[in-house]
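Student: Using the sequences plus the hints, can you model the full thing?
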Amino acid sequence: RVQRYHSSLEFKKHKRKWSDTPVPAFLNQNGDPYTEKSVSKLIKKLSKRALKLGLINSPLSPHKIRHGFGAMLLNSEDLGKSQLDRLLLLQQCLGHESLDTTQKYTKIPVGVWEKFEDHNGVPLKRYQLMKKLKDRTRVKRKH
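Counting along the sequence shown from 1, when you hit position 43 you're at 43 in the UniProt record's numbering, and nothing is skipped either side.
A couple of the hints might just be wrong.
Label pairs and their in silico Cβ distance ranges [claimed, not checked]:
#, residue 1, residue 2, range
1, GLY121, LYS13, 46 to 52 angstroms
2, VAL23, LYS81, 29 to 35 angstroms
3, SER82, GLN29, 41 to 47 angstroms
4, LEU55, LYS81, 32 to 38 angstroms
5, TYR5, VAL122, 29 to 35 angstroms
6, GLY121, LEU55, 21 to 27 angstroms
7, GLY121, ARG16, 48 to 54 angstroms
8, LYS44, THR106, 26 to 32 angstroms
9, THR101, GLU36, 17 to 23 angstroms
10, GLU77, LYS107, 15 to 21 angstroms
11, TYR34, ASP118, 32 to 38 angstroms
12, TYR5, PRO62, 16 to 22 angstroms
Straight-line C-alpha distance at most 25 angstroms; calculated DMTMM-like pairs for lysine to aspartate or glutamate [claimed, not checked]:
#, residue 1, residue 2
13, LYS104, GLU77
14, LYS131, GLU77
15, LYS64, ASP100
16, LYS125, ASP85
17, LYS104, ASP78
18, LYS13, GLU36
In short, the hints are calculated from the structure, not lab data.
Note that CB positions come from ideal geometry on N, CA and C, so glycine has one too.
Tutor: So, in structure tokens, the structure goes:
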């Protein structure tokens with residue numbers, strides 16, 4: 001989906017104004033980067049829609065998504081040889097100065113990990129999780 005977005009005429013048009021600096025991954029309709037406030041509003045709007053459609057059971061927030069990212073990274077064996085490697089990577093990704101702050105992401109509530117495992121209890125790889133998410137959220141187009 002991101003490749004399709006980056007290939008779109010609209011993105012290419014807005015990308016031109018960023019010739020002197022790195023282009024943000026996502027631009028709004030004016031060609032500006034999304035603000036923290038606009039991302040929060042978008043997540044709130046999409047969360048309401050997903051709740052209404054029964055795709056999720058409780059509202060989402062940027063903070064929940066951040067924690068979900070942290071949990072997935074810590075559980076991804078393909079992103080480091082050890083739990084410490086993944087914890088240090090997560091610290092860098094989240095911009096935490098203290099590893100103590102990052103360690104809070106290791107305390108995942110009971111019942112959450114099952115969503116990251118297959119029916120045999122084997123942890124799913126990131127690509128499997130992303131495929132599962134893509135399949136659940138895919139919008140079917142009417143032709």
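Student: Honestly, which of those hints from before does the structure not fit?
Tutor: none
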